Amino acid sequence: MKISKKTTNRLPAVSTASLPDIVFMLLFFFMTVTTIKDNTLLVDNNLPSADKVKELTKKDRIIEIFVGKPSPELATILGAEPKIQLDDRLAHVKDVGPYVLSELAKKPDAIRNLVTVSLKVDKNVNVGIVSDIKQELRKVNVLKVNYTTYEGSPERISQ
Amino acid sequence: MPRRKGAPEVNAGSMADIAFLLLIFFLVTTTIETDAGLDRMLPPMEPPEEDVVIKQKNIFTVNINKNGQLLVEDELMQLKGLRNAAIAFLENGADGSCNYCKGRRDPGSSDNPTKAIISLKNDRETKYSTYITVQNELVGAYNDLRDRESQRIFGRDFTDMEKEYLNPETASSIRDDLKDKVKRIQDMFPQKLSEAETTSN
Numbered sequence: 001m002k003i004s005k006k007t008t009n010r011l012p013a014v015s016t017a018s019l020p021d022i023v024f025m026l027l028f029f030f031m032t033v034t035t036i037k038d039n040t041l042l043v044d045n046n047l048p049s050a051d052k053v054k055e056l057t058k059k060d061r062i063i064e065i066f067v068g069k070p071s072p073e074l075a076t077i078l079g080a081e082p083k084i085q086l087d088d089r090l091a092h093v094k095d096v097g098p099y100v101l102s103e104l105a106k107k108p109d110a111i112r113n114l115v116t117v118s119l120k121v122d123k124n125v126n127v128g129i130v131s132d133i134k135q136e137l138r139k140v141n142v143l144k145v146n147y148t149t150y151e152g153s154p155e156r157i158s159q
Numbered sequence: 001m002p003r004r005k006g007a008p009e010v011n012a013g014s015m016a017d018i019a020f021l022l023l024i025f026f027l028v029t030t031t032i033e034t035d036a037g038l039d040r041m042l043p044p045m046e047p048p049e050e051d052v053v054i055k056q057k058n059i060f061t062v063n064i065n066k067n068g069q070l071l072v073e074d075e076l077m078q079l080k081g082l083r084n085a086a087i088a089f090l091e092n093g094a095d096g097s098c099n100y101c102k103g104r105r106d107p108g109s110s111d112n113p114t115k116a117i118i119s120l121k122n123d124r125e126t127k128y129s130t131y132i133t134v135q136n137e138l139v140g141a142y143n144d145l146r147d148r149e150s151q152r153i154f155g156r157d158f159t160d161m162e163k164e165y166l167n168p169e170t171a172s173s174i175r176d177d178l179k180d181k182v183k184r185i186q187d188m189f190p191q192k193l194s195e196a197e198t199t200s201n
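Going line by line, the protein sequences match chains A and B. The opening position of the first sequence corresponds to residue 1 in my numbering, with each subsequent residue numbered one higher. The opening position of the second sequence corresponds to residue 1 in my numbering, with each subsequent residue numbered one higher.
Calculated from the structure, these hints are not laboratory results. The reader is advised that the hints may include incorrect statements.
[To be verified] Pairwise CB distance ranges (calculated):
| no. | chain 1 | residue 1 | chain 2 | residue 2 | range |
| --- | --- | --- | --- | --- | --- |
| 1 | B | Asp17 | A | His92 | 30 to 36 Å |
| 2 | A | Met31 | B | Leu166 | 49 to 55 Å |
| 3 | B | Arg104 | A | His92 | 23 to 29 Å |
| 4 | B | Met45 | A | Asp21 | 20 to 26 Å |
| 5 | A | Ile22 | B | Met77 | 35 to 41 Å |
[What the hints assert, rightly or not] The list that follows gives simulated cross-link-like pairs (lysine-lysine, DSSO-like), each with its CA atoms no further than 30 Å apart:
| no. | chain 1 | residue 1 | chain 2 | residue 2 |
| --- | --- | --- | --- | --- |
| 6 | B | Lys57 | A | Lys120 |
| 7 | A | Lys120 | B | Lys102 |
| 8 | B | Lys115 | A | Lys144 |
| 9 | A | Lys106 | B | Lys66 |
| 10 | A | Lys54 | B | Lys192 |
| 11 | A | Lys52 | B | Lys115 |
| 12 | A | Lys94 | B | Lys57 |
| 13 | A | Lys107 | A | Lys94 |
| 14 | B | Lys179 | A | Lys107 |
| 15 | B | Lys80 | A | Lys59 |
| 16 | B | Lys55 | A | Lys94 |
| 17 | A | Lys107 | A | Lys54 |
| 18 | B | Lys181 | A | Lys52 |
| 19 | A | Lys59 | B | Lys66 |
| 20 | B | Lys181 | A | Lys139 |
| 21 | A | Lys106 | B | Lys163 |
| 22 | A | Lys139 | A | Lys107 |
| 23 | A | Lys144 | B | Lys121 |
| 24 | B | Lys163 | A | Lys69 |
| 25 | A | Lys69 | B | Lys66 |
| 26 | A | Lys139 | A | Lys59 |
| 27 | B | Lys179 | A | Lys52 |
On a predicted model such as this, the values are computed, not experimentally measured, just so you know. No residue lacks a Cβ here, since even glycine has one placed at the ideal position from N, Cα and C.
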């Protein structure tokens, strides 16, 4: 019989010829949507969440300042007080102004007044250190700041 | 020996392995960074030449203490009431010059949206997440009002228009058109959020 004959046949092997194409497609997808982190974090950086955010689209117009408690492996040396990280080193509040100015000097003239300072502050930090930084930024007349957050519903205030 | 077949075919069987290797490398080394946040302008260090007199009724004070409690216009308030209180203040329109405001025209509150200022004060020991949540609510109050007016005039949300306007991939002809619309709505409810220096007591 015809049908029984077919069932006795072994299944044909699935062609894997298009597998590289699929994988390459995935590869290109990940290559385009991701950005390589350019500095290692020395501080905890668990950003707060907010939902009325604006996106920072242009990477070249951003100066980043990280604030947070030193990461667990550094906490034994540096203690648990929040620190400021500029580039890839820890710094003092008074270094913020000179650092921002030097970063600003590296930018082309045309975009210099569009530069935004992105404050990436851990959510467990007290506002005191943030306002010190803002004060430093005002002194050097860099006034555009962005409180960088994760997108999501804001957390409840514990009262 | 004559070559009739041409070059022999390269075996592509290991291509998938190589591609997988690359894929895994990129998966491991990269993080999808979504940089987004709340934009703010800091006040300049030098005070303006002449002293600007601001009436007390045009200032909406929000105080956050170190325990995360809110004191709004000298009254203790829960976070969820903040947005409505801010909206009521912003569109109060006591002097009647604001024809799109739907507020109560309470003479003890703000004159019109262009004069209304929200002043945010906080303690040095306030938690940053609390601070951001409060800022988010205040920006939300502005967005709600702007969305409402934008819906009335242009039939679409302000936040939606602004997002398209700020997106670099939007065609320049559309952006020029949006620019005027965005500007018009922004002028109706200018964002005046003052961040005073923190207190330490």
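Exercise for review: Verify the proposed pairing of lysine 80 (chain B) with lysine 59 (chain A), using a straight-line Cα cut of 30 Å.
Suggested key: violated, 35 Å
Review point. Can the restraint linking lysine 139 (chain A) and lysine 59 (chain A) be considered satisfied, given a maximum Cα separation of 30 Å?
Key: holds, 24 Å
Review point. Do methionine 45 (chain B) and aspartate 21 (chain A) keep their Cβ atoms within the hinted range of 20 to 26 Å?
Key: About 58 Å separates the Cβ atoms of methionine 45 (chain B) and aspartate 21 (chain A), which means 20 to 26 Å is violated.
Review point. Given the proposed pairing of lysine 163 (chain B) with lysine 69 (chain A), does the C-alpha separation stay at or below 30 Å?
Key: violated, 34 Å
Review point. Going straight from one Cα to the other, do lysine 57 (chain B) and lysine 120 (chain A) come out at no more than 30 Å?
Key: With Cα atoms ~35 Å apart, lysine 57 (chain B) and lysine 120 (chain A) exceed 30 Å; violated.
**Study point:** 30 Å Cα cutoff - pair lysine 59 (chain A), lysine 66 (chain B)
**Key:** violated, 34 Å
Practice item. Take a quick look at whether lysine 181 (chain B) and lysine 139 (chain A) sit within 30 Å of each other, Cα to Cα. Key: Given that 30 Å is the threshold and the Cα spacing comes to 34 Å, the pair is violated.
Check your understanding: Are lysine 55 (chain B) and lysine 94 (chain A) close enough, with their CA atoms no more than 30 Å apart?
Key -> violated, 36 Å
Review point. Are the Cα positions of lysine 181 (chain B) and lysine 52 (chain A) separated by 30 Å at most?
Key: OK: lysine 181 (chain B) and lysine 52 (chain A) at ~20 Å, within 30 Å.
Review point. Regarding arginine 104 (chain B) and histidine 92 (chain A), is the given constraint of 23 to 29 Å on their beta-carbon distance met?
Key: Cβ of arginine 104 (chain B) to Cβ of histidine 92 (chain A): about 50 Å, so the range 23 to 29 Å is violated.
Point to revise | Proposed proximity, lysine 102 (chain B) with lysine 120 (chain A) (alpha carbon, max 30 Å) | key: Given pair lysine 120 (chain A), lysine 102 (chain B) is violated - Cα atoms ~38 Å apart, limit 30 Å.
Exercise for review: Compare the distance between the alpha carbons of lysine 139 (chain A) and lysine 107 (chain A) with 30 Å, and conclude whether the hinted pair is satisfied.
Suggested key: holds, 20 Å
Hint check: violations occur at hints 1, 2, 3, 4, 5, 6, 7, 9, 12, 15, 16, 19, 20 and 24; the rest are consistent with the structure.
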